[in-house]
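Using the sequences and the accompanying hints, generate a full structural model.
Chain by chain, the residues:
Protein chains: 2
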Amino acid sequence: MQASVTSGSTRTARSRRSARSTSTARGGIDLGGTKIEAVVVDSRNQVIGSSRQPTPTTGGPEAVAGQIVRAMTEAAEGAKLGPSRLHGVGVGSPGIIDVSTGAVSSARNLPDWEGSYELGAVLSEQLGTPVFVGNDVQVATDAEFKLGAGKPYKSLLGVFWGTGVGGGIILDGKPWLGRGGAGEIGHMVVKIDGARCPCGRRGCLEAYAGRGAMEARARRRVEKGHKTELFKLMEERGRTRLTSAVWARAVKHGDKLAVELIDNAVRALGAGIASAVNLLDVEAVVIGGGLGVRFGAPFAGRISKAMHPHLFHDESPPDVRVASLGDLGGAIGAALLARQARS
Amino acid sequence: MQASVTSGSTRTARSRRSARSTSTARGGIDLGGTKIEAVVVDSRNQVIGSSRQPTPTTGGPEAVAGQIVRAMTEAAEGAKLGPSRLHGVGVGSPGIIDVSTGAVSSARNLPDWEGSYELGAVLSEQLGTPVFVGNDVQVATDAEFKLGAGKPYKSLLGVFWGTGVGGGIILDGKPWLGRGGAGEIGHMVVKIDGARCPCGRRGCLEAYAGRGAMEARARRRVEKGHKTELFKLMEERGRTRLTSAVWARAVKHGDKLAVELIDNAVRALGAGIASAVNLLDVEAVVIGGGLGVRFGAPFAGRISKAMHPHLFHDESPPDVRVASLGDLGGAIGAALLARQARS
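Those protein sequences? They're chains V and P, same order as listed.
So the first sequence is numbered by our numbering: it starts at 1 and just counts up by one.
So the second sequence is numbered by our numbering: it starts at 1 and just counts up by one.
Where hints are given, some of them may not hold.
No copy is singled out in the list; a pair is fine if it fits within one copy or between any two copies.
Here are the simulated lysine-lysine pairs, DSS-like style, with alpha carbons at most 27 Å apart [stated by the list, open to error]:
#, residue 1, residue 2
1, K154, K35
2, K35, K224
3, K80, K35
4, K154, K174
5, K227, K252
6, K227, K174
Simulated from the structure, these hints should not be mistaken for lab results.
So, in structure tokens, the structure goes:
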């Protein structure tokens, strides 16, 4: 995080020289801990090609960059283009982004990515088009604001409820990034001396609502002899993790442990989001992420209800909506970054 | 709170007609639940006259308006001016401010002030100069940002630790008001299912750190047989409330109950302010209010330390400073509102 951070993205000197864009199509990459989502969009932000690849679990940043190139090339082929003909590619990445160089550091969800890696420059070289790197959650928030559920509003909070709980902020029509590290709604404290969070701290919202934290809790409960269908459903689906689909199915079946943990998650989301709204008084909250999109409108309603007892101005609650761009929102948002590419 | 809220203040049509300013001095009023603080400042915002009056406990808004006029007249006399010669007067008020009319409603700390009262228009008529009404906490935050401890920063959070816990937000050099109700840091949830707050909700920061809530807790403890010097010190000072001075004295004496409650307050402030910083990533936190100013730098240090375990970006904590304008900050900030008066 640097004081020089002023916008969500940049492009490198190298990428500028190699730009030979001959179409108005842009590429977008959503770089996640488990999968890489690539899209090609046209000038109206409609998806005209896409690809999904697993995120490599070994090989470090180089392997991840190689897989991004594969995903982007495949998505471009789907749009009947070579990647070098794209009018720029945007990448939404976890970790700390240095937007002046396109470098990404401390991306702890990615393999062996503790140090800094010149992701933007490497991708630009390999793809033959300018590459812009931005924060994954902010990019997804921008997408919902400009193209999705946030379109009617000038101020909103994006809450991405998945493995972790991420947040993005739009104020007065513009992203608010702080000194580069704003939006950590998942690490707002909802319970002093509360549960241990995967981040190591105590009582964070994510300690109750993050899929990672919930899975760890479910595993501990099973070790203590609690009964649950969760892991049976996981195995039936050939998974090694409790995915959003597994949680949704278990809750639908009325699995007691799943219902309890999801209820706690909703209560924590209610308190944490209400705290953020008490501070910022935004017009709307857009709920996205794996669990947010999977559970959909009924749970947005439940979260809204759980916020209510904590809202200071409860006579004027914000609208609570589900992210409307779905799983591709992050990648479509990343493609928005590439609108900065010069013609 | 109205959608039309766009800035911190306004002036009424009536006040415009009655403007006959013949000096560059401006007036500022800090309207509090226990006292009314009035200042006159020169063009360099230096205080050249001041007055403090108790807030009437009966008589409703009319009595309060009358007392404001008395305080302002006395402060103007101190500056060797009649109030009508002031180049506008600003008022920082609790409650919900309609900045398009200068009306104040739901000012629950003030006597019989549940409905709406045309405070700006009434004062303008009686003082013979334009009157601008803004939110008390935001006005005090602006003052610290423009003239006080917040001067070096472009983004900050003002935290006013007194009877309640109020907050004001400056982002990118400008106040952030949301839909008119932003900054309620005192009602961020620090403990789900936690202590009852004076606002009626549960687990708010103010339930642990507000002087009102702490006094109520101390009284309940005494009823249960706990020993404390707090109420003896209060009586010695001829007070009926546990003032900031009483708390400070009791803590200095090592009074066990006082130390425990203040320790809890510091922990809650640490968690709540860290949550706000995790969300907004501001450069600085300015601690003001009766307790904040009374406890001063050593406690700003303690609050900063209590924030640390909860800060997501703990490698780059915000600066934590004590409000430097002291008790008159609210009134000086209110006088800034009057800079909008036309010459």
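Hint check:
{"no.": "1", "hint": "K154 / K35", "verdict": "neither (31 Å within a copy, 38 Å between copies)"}
{"no.": "2", "hint": "K35 / K224", "verdict": "neither (32 Å within a copy, 59 Å between copies)"}
{"no.": "3", "hint": "K80 / K35", "verdict": "within (23 Å within a copy, 73 Å between copies)"}
{"no.": "4", "hint": "K154 / K174", "verdict": "both (8 Å within a copy, 17 Å between copies)"}
{"no.": "5", "hint": "K227 / K252", "verdict": "within (16 Å within a copy, 54 Å between copies)"}
{"no.": "6", "hint": "K227 / K174", "verdict": "neither (47 Å within a copy, 54 Å between copies)"}
The structure is inconsistent with the numbered hints 1, 2 and 6, although it conforms to all the rest.
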